[in-house]
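Asker: Could you put the whole structure together from the sequences, leaning on the hints where they help?
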Amino acid sequence: MAENLQLLSISENNLEKCLKCSICTVYCPVAGVTPFYPGPKHAGPDGERYRIKDAVFFDEKALKMCLNCKRCEVACPEGVQIADIIQSARIKYAKHSPGLREFTLANTDLVGSMATLMAPVANFATGLSPVKAVLNTAVKIDKRRKFPAYASQKFETWYKKHAAAEQDKYAKQVSYFHGCYANYNYPQLGKDLVKVMNAIGYGVKLLDKEKCCGVPLVSNGFIEQAKKQGEINMASMRESVKQGRPIITTSTSCTLMMRNEYDHLLHIDNKVAQDNLSLATRFIYKLVESGEVKLAFHDDYKKRVCYHTPCHMERLGWTVYSTSLVKMIPGVQFIMLDSQCCGIAGTYGFKKENYEVSQKIGEPLFRQIEEANVDNVITDCETCKWQIEMSTSAKVLNPISILAEALDVEKTIELNKK
Amino acid sequence: MNANIAKKHYDVIIIGGGATGVGTARDCAMRGLSTLLVERYDFTTGATGRNHGLLHSGARYAVTDKESATECIEENMILRKVARHCVEEHDGLFITLPEDDLAYQAKFVESCLAAGIRADIIDPEEAKRLEPSVNPTLIGAVRVPDGSIDPFRLTIANVTDAKLHGADILTYHEVTELIIENGRVLGVKLRDNKTGEMSEARAEITVNAAGIWGTLIAKMAGVTVNMFPAKGSLLVFGHRVNNMVINRCRKPANADILVPGDVITVIGTTSDRVPIETVDDMRVTPEEVEVLLTEGAQLAPALATTRILRAYAGVRPLVASDNDPSGRSISRGIVCLDHETRDGLAGFVTITGGKLMTYRLMAEIATDMVCKKLNVDKKCETATTPLPGAETSPIEEPKSHVYAFNARVGRHGTYASKVVSKDEIDNALVCQCEEVTVGEIKYAVENQHVSTLTQLRRRTRVGMGTCQGELCALRAAGVLCETCKKSVSESAADLADFMNERWKGMYPVGWGSTLSEAQLMSNIYQGLCGLDNFSK
Chain U
5 MAENLQLLSI SENNLEKCLK CSICTVYCPV AGVTPFYPGP KHAGPDGERY RIKDAVFFDE
65 KALKMCLNCK RCEVACPEGV QIADIIQSAR IKYAKHSPGL REFTLANTDL VGSMATLMAP
125 VANFATGLSP VKAVLNTAVK IDKRRKFPAY ASQKFETWYK KHAAAEQDKY AKQVSYFHGC
185 YANYNYPQLG KDLVKVMNAI GYGVKLLDKE KCCGVPLVSN GFIEQAKKQG EINMASMRES
245 VKQGRPIITT STSCTLMMRN EYDHLLHIDN KVAQDNLSLA TRFIYKLVES GEVKLAFHDD
305 YKKRVCYHTP CHMERLGWTV YSTSLVKMIP GVQFIMLDSQ CCGIAGTYGF KKENYEVSQK
365 IGEPLFRQIE EANVDNVITD CETCKWQIEM STSAKVLNPI SILAEALDVE KTIELNKK
Chain C
103 MNANIAKKHY DVIIIGGGAT GVGTARDCAM RGLSTLLVER YDFTTGATGR NHGLLHSGAR
163 YAVTDKESAT ECIEENMILR KVARHCVEEH DGLFITLPED DLAYQAKFVE SCLAAGIRAD
223 IIDPEEAKRL EPSVNPTLIG AVRVPDGSID PFRLTIANVT DAKLHGADIL TYHEVTELII
283 ENGRVLGVKL RDNKTGEMSE ARAEITVNAA GIWGTLIAKM AGVTVNMFPA KGSLLVFGHR
343 VNNMVINRCR KPANADILVP GDVITVIGTT SDRVPIETVD DMRVTPEEVE VLLTEGAQLA
403 PALATTRILR AYAGVRPLVA SDNDPSGRSI SRGIVCLDHE TRDGLAGFVT ITGGKLMTYR
463 LMAEIATDMV CKKLNVDKKC ETATTPLPGA ETSPIEEPKS HVYAFNARVG RHGTYASKVV
523 SKDEIDNALV CQCEEVTVGE IKYAVENQHV STLTQLRRRT RVGMGTCQGE LCALRAAGVL
583 CETCKKSVSE SAADLADFMN ERWKGMYPVG WGSTLSEAQL MSNIYQGLCG LDNFSK
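Sequence lines, in order, name chains U and C. Residues in the first sequence are numbered from 5 upward in steps of one, following our numbering. Residues in the second sequence are numbered from 103 upward in steps of one, following our numbering.
Incorrect hints may appear among the rest.
Claimed, not checked - No more than 27 Å apart at the CA atoms, straight line, and that leaves these computed lysine-lysine pairs for DSSO-like:
#, chain 1, residue 1, chain 2, residue 2
1, U, Lys331, U, Lys195
2, C, Lys265, C, Lys296
3, U, Lys96, U, Lys209
4, C, Lys524, U, Lys65
5, U, Lys199, U, Lys209
6, U, Lys165, U, Lys99
7, U, Lys96, C, Lys230
8, U, Lys421, U, Lys173
9, U, Lys68, C, Lys524
10, C, Lys265, U, Lys65
11, C, Lys353, C, Lys209
12, C, Lys321, C, Lys353
What the hints assert, rightly or not - Stretch by stretch, here's where chain C covers chain U in the computed footprint (C-beta under 8 Å, at least three residues):
#, region
13, 69-77
14, 235-247
15, 309-317
Everything labelled a hint here was simulated from the structure, so no lab data went into it. Yeah, the Cβ is synthetic: ideal placement off N, Cα and C, and Gly gets one too.
Answerer: This is the structure:
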């Protein structure tokens, strides 16, 4: 029979599996706050049929409004990779070459290295109204946006000076893909990770070569550079695995990009990441669950916290690892926030034209956070952290940092001695 | 029916709202004849709306039928100019596969050139570069000026122009009888298929352009036009698999043409003789689907794994060569019969045979005959005068809401700016798969003889996309109900008809995502909305 011929329905990003049910559009944070974005179904699978016909149907203005939060993909009952259809279309058809703003936002590596060198000046300057005015009008980075502060010492520098030497004494080891955020903006996160991993008996090494995962490069139009950097990262990870070190990270978006998107978005062989790359919380949780590792916490640690699910965490489906780990801390009073987008979406919210939409998307989340009246908001994403700290009175921490705070290191080391 | 039409005495009445009929109406009207066109249902309900949508280069006929091939390439070049908004000029390939005889290619190219068709032999590697979906095992390829044409747009553009030149058009008016007195056809008796009301219309000449149903019209006039209904089935795939037409370079056979049209790809056709009694309800069989898929995958292997949206079938009006009562000798050429000289019946002309590609030429031939009979000395201008929408004037872009504008230009050409777009409601999308706005529906109702969803589909592509109406039918029904001031129960019954018609085409290919789609549709329309209560 004819249908035997058609047992497999194959189409790029599962385009043809779309049943047009529109559930994705219901879950789209952007479509909910502005009528000018047609929603993921129309921008994605619907539009794709037309773009295949003729590039003239590529509606750059509309597609640029996509946050790439991937909540549409989580919602889709048919497994259509809606956000990937949109991202691929932007990669393939975008006519406007990226400008100074895109360069600044995309090159987290380069800009980060320069900014950490003169962190006090950079942090002071980006906070000044005249500088913000220039950024606002000339570079079109919204002046209402607070810039993430740069650290005066990179994580890598700290690691080499203070941590590298001791790592060989641990029998088991991991490599840490710290990402640009931990390196340039918040080295404390990296330090916390080393502390926790060491406590449970794991040495932490860095990759031979680590480059920005490429998330900001792709969303700002620097595809070739993203590919080059991706290849370097994958080569480093292959080497790491060869030496018996799986790779852990503390950033959801970097993880999602390298593990789930390199292959079809940038056509990079990322099998090594698919098999061996994990968020640190997932890595640790699995160890605890299997009984391989035990954790001990300070008796007097008390905190009321709430957890915000980053969009890319939702896409990975790994929220439960982070929340379960935090809930293991006896002194923690845990509140789960509704899973909704904060509106920043990496560099999206920094752009002047997106500011209003970005803040509108986050509004219900901000309200919920204020009402929760907590000591800390916990989340696995650095850009969510910026957005929430800018838009609420809350202080935001990565679950690894909470863990580091609450962990009784001595007792933990003792517990894990065999 | 409009009382004026009954009172009027026309120069010519044309029976049939397919491409040939409306083309003839346009030509007659342009030559200054007072013209009435009658169609029993809607435009394009016969073979015009049920084919590949292929802008034939004529190459397919070059070896076997040079005359048809020459007609095709000439009309091909004309339509690119006068119907530019209905045409996609992407060229086509004739590929030779390992099991085909490569020697046929030389004969093929020679015949093409003899018929005036450009035919370039290209390297198989070059063919793969030009058309990545092509079967990679090909051993030969010839590039020809094939393209695709939207028969719905083409037909409606002819209707629009016929009306601009003063023609009257009656859809849903079925000829029940020819009025014949003293060996002369004086006009037609009509039944309004919506109200059942009977009426008459009279003219000097009556032209039978009813396609396969022409044989029945001829019978009413007491003359014989032998036709052989040949069913052709086709499959519609979910997106454009190929961007050039792909043909097989061998003697024409089943399922050997793959045509990209608008946002889909069509494979066809099969060819089977069917009895004339069955032509009003053609259904695609599982065997036909299998042939189409297996053969189609030979042209582009991706077809074997690409979602099929629906299957449909049309009937070719093949005509026996005149004076051959056995009907063995069949012509694909144009047949224009003057029943006065042939059968002694004055005032009656039959135009048939031919194909979509030659509709304009058929109209010209028929109109020439009508003019000769009426002693009107006016030259045909349809080969040079663009159809409405195909003029070269630049298209005015809307100030805001470029949304769906390109799709609109695709459908209406320069007439895109006439589509209502004054506020946000007008610009709201009703059909998202095919980007049809509320304004476009209003335009269709006001200008294109639309009062039902199926008519609307033929004008705008509402419901022709991936979801086959699952998402848009209800919304379109709402807009139609309001715009046409229909009653709710009437609209609901129309919606039920429309959904049944969509299901008819999905049923033969009801597996995988198409089956899921149908299930979702059924849940929404039967389950949630209780549409069964409104079915007739």
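Asker: Determine for every hint whether it applies to the structure shown.
Answerer: Evaluation of the provided hints:
1. Lys331/U with Lys195/U: holds, 22 Å
2. Lys265/C with Lys296/C: holds, 22 Å
3. Lys96/U with Lys209/U: The given pair, whose Cα atoms are some 37 Å apart, is violated under the 27 Å limit.
4. Lys524/C with Lys65/U: This hinted pair holds, its Cα atoms lying about 21 Å apart.
5. Lys199/U with Lys209/U: holds, 13 Å
6. Lys165/U with Lys99/U: violated, 46 Å
7. Lys96/U with Lys230/C: Roughly 21 Å separates the two Cα atoms, so the pair holds.
8. Lys421/U with Lys173/U: Given pair lysine 421/U, lysine 173/U holds - Cα atoms ~14 Å apart, limit 27 Å.
9. Lys68/U with Lys524/C: Within the cut-off at roughly 26 Å; holds.
10. Lys265/C with Lys65/U: Given pair lysine 265/C, lysine 65/U is violated - Cα atoms ~40 Å apart, limit 27 Å.
11. Lys353/C with Lys209/C: holds, 11 Å
12. Lys321/C with Lys353/C: violated, 35 Å
13. 69-77: violated (count 0)
14. 235-247: violated (count 0)
15. 309-317: violated (count 0)
The earlier numbered hints that this structure contradicts are 3, 6, 10, 12, 13, 14 and 15.
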